[in-house]
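**Student:** Make the full structure from the sequences, and use the hints.
The primary structure of each chain is shown beneath.
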Amino acid sequence: MVIQVDDKGDVVLIEVKEERLDAHNSGELKARMLALFEEDKNNILIDLNDVRFVDSSGLGALVSGFKNASSRNGVLKLCGLQPQVKSMFELTRLHRVFEIYSDAQEALGSF
Amino acid sequence: MKETIEVDIKVPNQTRYLGLIGKIGEDVARTLRKFKGDREELAYQINTVLTEAMANAIIHANEHDPDKEVHVKIQIRDQELCIYVYDQGQGFDISLPPKRNRLTGNLDEHGRGIFIIHSLMDRVSYAPCSNGHVLEMIKKLK
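Just so you know, the protein sequences line up as chains A and B, in that order. The working numbering puts the first residue of the first sequence at 1, with every later residue one more than the last. The working numbering puts the first residue of the second sequence at 1001, with every later residue one more than the last.
Bear in mind the hints are in silico, worked out from the structure with no lab data behind them. Careful, some of the hints might be misleading.
To be verified - Under the rule of at most 20 Å between Cα atoms (straight-line distance), these lysine to any residue pairs were calculated in the SDA-like manner:
#1 A/67 to B/1106
#2 B/1140 to B/1007
#3 A/86 to B/1118
#4 A/30 to B/1110
#5 A/30 to B/1111
#6 A/86 to B/1039
#7 A/86 to B/1119
**Tutor:** In structure tokens form, the structure reads like this:
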């Protein structure tokens, strides 16, 4: 899985450089986030701009990251959702769980 | 003129084939000349239910067994799109969780796949067949 990870001050920006976030690769994203939590990096922004398809496993990995960040007094936010990806968040009501921003710049300003 | 299409695919029991099958489902949806609705939305929905159903077959029914395979059949007949996903396992539970557990605030990491399939398709059933089980998913195309 292609993921770009960048430190942005107190926030770690994870850009998912894949067309699909699904049962095949979501475990890798989850593992990368767990490694960041172990380094005490608990404020995470995930940029999904390149992702045009997400399934329940991809959503589950993001929920896992959200819960881990929250339990460590951090926060996990999302940005760059394509319309069809956003529709999956709406279908599963997860758009009410995550803070979702249109792009990384706007999201980074919100931490 | 009748528009009947049947696509029959068998792939190894590996999640790396999810994208391939999802893409085939999208392409089938895009060829439906008579469908009056949003064809791109339908394509995305078919990709989604195929991905969810195959992942369940590979992970839960076939338990990642590399010697097993997943068989997918996509049929367009009359005004219905029918998808069959055959596994070679002991089956898994496709019943929906209680409604209150599906709404806002649910932070479970698992369990959304079956909900998504039920939400996007009109009829869903799961039954034993000769070598395992078959998940049948039907969507009306009117």
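**Student:** Each hint should be assessed against the structure and marked as holding or not.
**Tutor:** Now the hints, each set against the structure:
1. A/67 to B/1106: holds (11 Å)
2. B/1140 to B/1007: holds (18 Å)
3. A/86 to B/1118: With Cα atoms ~19 Å apart, residue 86 of chain A and residue 1118 of chain B stay inside 20 Å; holds.
4. A/30 to B/1110: Distance of about 13 Å is within 20 Å: holds.
5. A/30 to B/1111: With Cα atoms ~17 Å apart, residue 30 of chain A and residue 1111 of chain B stay inside 20 Å; holds.
6. A/86 to B/1039: holds (18 Å)
7. A/86 to B/1119: holds (16 Å)
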